[in-house]
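Asker: Residue numbers (the numbering used here), protein chains in the order written: chain A, 5 to 471; chain B, 670 to 908.
Simulated from the structure, these hints should not be mistaken for lab results. A virtual CB, placed ideally from N, CA and C, is assigned to each residue, including glycine. It cannot be assumed that every hint is accurate.
25 Å max Cα-Cα, derived DSS-like pairs, lysine-lysine [as the list claims (entries may be wrong)]:
1. B:Lys742 to B:Lys793
2. A:Lys358 to B:Lys817
3. B:Lys673 to B:Lys699
4. A:Lys358 to B:Lys886
5. B:Lys847 to B:Lys814
6. B:Lys892 to B:Lys847
7. B:Lys814 to A:Lys358
8. B:Lys699 to B:Lys793
9. B:Lys699 to B:Lys742
10. B:Lys892 to A:Lys358
11. B:Lys673 to B:Lys742
Chain A stretches covered by chain B per the calculated footprint, using a threshold of three residues with CB under 8 Å from any CB of chain B [claimed, not checked]:
12. 278 to 290
13. 354 to 365
Examples of chain A residues toward chain B, derived with CB under 8 Å [said to hold, decoys possible]:
14. Ile305
15. Asp309
16. Glu329
17. Pro330
18. Val331
19. Asp332
20. Ser335
21. Leu336
22. Glu338
23. Thr339
24. Asp342
25. Arg369
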Amino acid sequence: MKRLWPRSLVGQLLLLVALMLLLAQAINSFLLYRGAQTQNLVEASTGAVARIAFGLERQASDRPARRAGSMRARRWGQLKYSAESAVTDDMQRLPELESRAGQAFANMGTGFSEIRASFNRDLDPAMAGHLIGANRGEWRKGPINRSMGGRLEPRAIRGYVIISARQADGQWVSIASTVRGRSPLMVRTLLLQTVMIYLLMLIPLFLLGRYVSRPLKSLTATALDFRPGETPALPEQGPPDTRDLIRAFNAMGARVSTMISEKDVMLGAIGHDLRTPLAALRVRVENVEDATERERMIAGIEDIDHMLDDILSLARLGRSQDQAEPVDIRSLIETVVDEFTDLGHIVRYQRGDKQRALVRETLVRRALRNLVGNATLYGKAADISVENSGDRLMIHIDDSGPGIPEATIESMFEPFLRGEASRNRATGGSGLGLTLARAIARDHGGDIILKNRAGGGLRATLVLPAG
Amino acid sequence: MTHKIHILLVDDEASLREPLADYLVKQGYKVQQASDASVARSLLNAYDFDIILLDIMMPGEDGLSFCRHVTDKTEIPVIFISARTEETERIIGLELGADDYVTKPFSPRELVARIKVVLRRAEKGAPRQVGTSEGGYRFSGWTLKCDKRSLVDADGDTISLSTGEYQMLLALVSRAGKVLNRDQLLDITQGREAHAFDRAVDNQISRLRRKIEADPKNPEIIKTVWGGGYVLAGEVLSL
Numbered sequence: 005m006k007r008l009w010p011r012s013l014v015g016q017l018l019l020l021v022a023l024m025l026l027l028a029q030a031i032n033s034f035l036l037y038r039g040a041q042t043q044n045l046v047e048a049s050t051g052a053v054a055r056i057a058f059g060l061e062r063q064a065s066d067r068p069a070r071r072a073g074s075m076r077a078r079r080w081g082q083l084k085y086s087a088e089s090a091v092t093d094d095m096q097r098l099p100e101l102e103s104r105a106g107q108a109f110a111n112m113g114t115g116f117s118e119i120r121a122s123f124n125r126d127l128d129p130a131m132a133g134h135l136i137g138a139n140r141g142e143w144r145k146g147p148i149n150r151s152m153g154g155r156l157e158p159r160a161i162r163g164y165v166i167i168s169a170r171q172a173d174g175q176w177v178s179i180a181s182t183v184r185g186r187s188p189l190m191v192r193t194l195l196l197q198t199v200m201i202y203l204l205m206l207i208p209l210f211l212l213g214r215y216v217s218r219p220l221k222s223l224t225a226t227a228l229d230f231r232p233g234e235t236p237a238l239p240e241q242g243p244p245d246t247r248d249l250i251r252a253f254n255a256m257g258a259r260v261s262t263m264i265s266e267k268d269v270m271l272g273a274i275g276h277d278l279r280t281p282l283a284a285l286r287v288r289v290e291n292v293e294d295a296t297e298r299e300r301m302i303a304g305i306e307d308i309d310h311m312l313d314d315i316l317s318l319a320r321l322g323r324s325q326d327q328a329e330p331v332d333i334r335s336l337i338e339t340v341v342d343e344f345t346d347l348g349h350i351v352r353y354q355r356g357d358k359q360r361a362l363v364r365e366t367l368v369r370r371a372l373r374n375l376v377g378n379a380t381l382y383g384k385a386a387d388i389s390v391e392n393s394g395d396r397l398m399i400h401i402d403d404s405g406p407g408i409p410e411a412t413i414e415s416m417f418e419p420f421l422r423g424e425a426s427r428n429r430a431t432g433g434s435g436l437g438l439t440l441a442r443a444i445a446r447d448h449g450g451d452i453i454l455k456n457r458a459g460g461g462l463r464a465t466l467v468l469p470a471g
Numbered sequence: 670m671t672h673k674i675h676i677l678l679v680d681d682e683a684s685l686r687e688p689l690a691d692y693l694v695k696q697g698y699k700v701q702q703a704s705d706a707s708v709a710r711s712l713l714n715a716y717d718f719d720i721i722l723l724d725i726m727m728p729g730e731d732g733l734s735f736c737r738h739v740t741d742k743t744e745i746p747v748i749f750i751s752a753r754t755e756e757t758e759r760i761i762g763l764e765l766g767a768d769d770y771v772t773k774p775f776s777p778r779e780l781v782a783r784i785k786v787v788l789r790r791a792e793k794g795a796p797r798q799v800g801t802s803e804g805g806y807r808f809s810g811w812t813l814k815c816d817k818r819s820l821v822d823a824d825g826d827t828i829s830l831s832t833g834e835y836q837m838l839l840a841l842v843s844r845a846g847k848v849l850n851r852d853q854l855l856d857i858t859q860g861r862e863a864h865a866f867d868r869a870v871d872n873q874i875s876r877l878r879r880k881i882e883a884d885p886k887n888p889e890i891i892k893t894v895w896g897g898g899y900v901l902a903g904e905v906l907s908l
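Assemble the whole structure, with the sequences as input and the hints as a guide.
Answerer: Have a look at this one:
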């Protein structure tokens, strides 16, 4: 059931309208059908009323001899005179017809003390010979169809109306009349009508829906892939509401881009402008006599420098002009590994088969450097391995350190937050390492995943798009 | 009295320029300070300098433009001092003919070490440029792109190289067929962007071999020459 319910706006709208149309058309058909039934009933009773009124008129004009047996009377049906009403008590009475008939008689100046009307599917045998018009089961040419090629139309008889009226002398005069069944023409008309309404309603609605939903679709796609400063403004199209939405979205995108570029410019300026006084400080430090003090100051300046470097890299990320290129990931890992082994760290990597990643080499080198740096810092030694899962390349960096409590793993990626608060001073680092590494990985469409290893230690995985 | 090395120090930031000048004087150099390029130009006409330390970002004429002027008109070596660390700018600076590049904040001792290397190289009359070809070199299925400082293999995949490895490979490739001993290699590769850790030439070579040789134990591209030295074998095509 859920699968049948369309997910798109247009689909839902169309389905809903189609269902409502179907319902409306069903009600319409029902009413039409009912109306046609009443119409037929009224037609039949009108004939009967006229026959009674006419018959009584003739009787009054003193031509009793012709009361029975005349041709016309036979075709029209003989009026039945009886002491009891032809409409017996077990018959279904039609009060509405009775009052209509009473009205009709009154209009013709004929008064009756009581009028009964009833509808029966079968003709009461007592009324045989007192029936106006066609006999039961007769087929005749419908006047409309005759003019349209004379095709025979079955005119089913639905039943019989009996009108019975009590005269002033207490005698009942009664006549029966056939009630026509529904015409197949009506069904056809209804079907045609339904199809026409569907075409007339649903096609424009479908076009309107597309007109509305297409700009919405492109808006969704643009919002999903939004890259500040790069995503061009969306053309304003569709109905006014949608245009307003697109205009608002474009304005918001422009504001976001401006804010981000302001942020980047500011960070860049901070990074740049801080470097000069830092350089001056670095030169002056050489004047410090105490060697230990001097080394500490130099280390402090270098810390600030690295932090500025990370901040600048983070600010510049995503606006790099470089294109991603297929890189032999083995060489990249080796370059990083060599940097750490040169510093006396233990980082192991066994060159395997060529693995290609589609990356910007300098950035990914930096991300990997940060991860390996963490591994050697907290875990003493690092083991690097590469895993290929088709379109993804995973570089695992395993350490043998204490790992990270599961609850705080995600927060490790927050800027300026380090694993162990107590070790902040001793270990240095900008606190941006993981933030920057993840930003770089995500900029490439990859990610960084931290996971405690079963045997102890942490596994950091750098996921990259395979080339 | 021995000849004192004469340095022209160009930087608009007095807070850095002055203590640096003091430091250099203490180290036995003679220093002239310029706060912008126009002052530097007039000083350049008035004195004979051995080396110029030049800031890139300056109000008015910037360091890059002044560097072009110096390398066009004189043989004086130039070391850039800049707060910018973007790789592209570094490359532009070196392409303009600067001999080295230090980024702020730098260790004054390292700066002095670099000054010495640059001067030694200038004294030997070594060409300012390491004879780099505009586009790069093609050798044994590899392409060394000088504009991007990258190495690309036969499949078109980039091979990551450390700065030291790149310098070493460039030195060997641009002098293909010539045997270079360890001292020569150190001399060629070290002055520019010397690293905090002077890696032994042999170490650098073995790392390069691991990355580019089919069998690093039996090298076909970078061959060892008996008597201490390395040579790049095979044909090299300048691009």
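Asker: Now, for every hint given, state plainly whether the structure supports it.
Answerer: So, going through the hints one by one against the coordinates:
Straight-line distance between C-alpha atoms of lysine 742 (chain B) and lysine 793 (chain B) comes to about 20 Å, which keeps the hinted pair within the 25 Å bound. Restraint check for lysine 358 (chain A) and lysine 817 (chain B): satisfied, since their Cα atoms lie roughly 22 Å apart, inside the 25 Å limit. Pair hint lysine 673 (chain B) plus lysine 699 (chain B) holds up; C-alpha atoms about 6 Å apart against a cutoff of 25 Å. Restraint check for lysine 358 (chain A) and lysine 886 (chain B): the C-alpha separation of about 18 Å stays at or below 25 Å, so the hint holds.
The straight-line distance between the Cα atoms of lysine 847 (chain B) and lysine 814 (chain B) is roughly 21 Å, inside the 25 Å bound, and the hint therefore holds. A distance of roughly 11 Å separates the Cα atoms of lysine 892 (chain B) and lysine 847 (chain B); the hinted pair therefore holds under the 25 Å criterion. Taking the CA atoms of lysine 814 (chain B) and lysine 358 (chain A), the gap is about 21 Å. The hint holds against a cut of 25 Å. About 22 Å separates the Cα atoms of lysine 699 (chain B) and lysine 793 (chain B), which keeps this hinted pair within 25 Å; it holds.
At most 25 Å may separate the alpha-carbon atoms for a hinted pair to count; lysine 699 (chain B) and lysine 742 (chain B) meet this at roughly 22 Å. Distance check on the hinted pair: lysine 892 (chain B) and lysine 358 (chain A) sit about 24 Å apart at the alpha-carbon level, within 25 Å; holds. The suggested pairing of lysine 673 (chain B) with lysine 742 (chain B) holds, with an alpha-carbon distance near 23 Å, which does not exceed 25 Å. Interface restraint, the segment 278 to 290 of chain A with chain B: holds (11 residues with C-beta to C-beta distance below 8 Å; minimum three).
A count of 4 residues in the segment 354 to 365 of chain A with a Cβ less than 8 Å from any Cβ of chain B is obtained; the coverage claim is therefore met, three being the minimum. Against a cut-off of 8 Å between C-beta atoms, the interface hint on isoleucine 305 (chain A) holds, since the closest Cβ of chain B lies about 6 Å away. Satisfaction of the interface hint for aspartate 309 (chain A) is found here, the shortest Cβ-Cβ separation to chain B being roughly 6 Å, below the 8 Å cut-off. At its closest, the beta carbon of glutamate 329 (chain A) sits 5 Å from a beta carbon of chain B; the interface hint therefore holds under the 8 Å criterion.
Interface hint at proline 330 (chain A): satisfied, since its Cβ lies 5 Å from the closest Cβ of chain B, which is below the 8 Å cut-off. Taking 8 Å as the C-beta contact cut-off toward chain B, the hint placing valine 331 (chain A) at the interface holds, the least distance being around 5 Å. This hint holds: aspartate 332 (chain A) has a C-beta 5 Å from the nearest C-beta of chain B, less than the 8 Å allowed. This hint holds: serine 335 (chain A) has a C-beta 4 Å from the nearest C-beta of chain B, less than the 8 Å allowed.
Interface hint status for leucine 336 (chain A): upheld, as the beta-carbon distance to the closest one in chain B is roughly 4 Å, under 8 Å. For the restraint placing glutamate 338 (chain A) at the interface with chain B, the shortest Cβ-Cβ distance is roughly 7 Å, inside the 8 Å limit, so the hint holds. Interface restraint check for threonine 339 (chain A): the shortest CB-CB distance to chain B comes to about 5 Å, inside 8 Å, so the restraint holds. Because the beta carbon of aspartate 342 (chain A) sits about 6 Å from the nearest beta carbon in chain B, less than 8 Å, this interface hint is met.
Below 8 Å, beta-carbon pairs count as interface contacts, and arginine 369 (chain A) has one with chain B at about 6 Å; its hint therefore holds.
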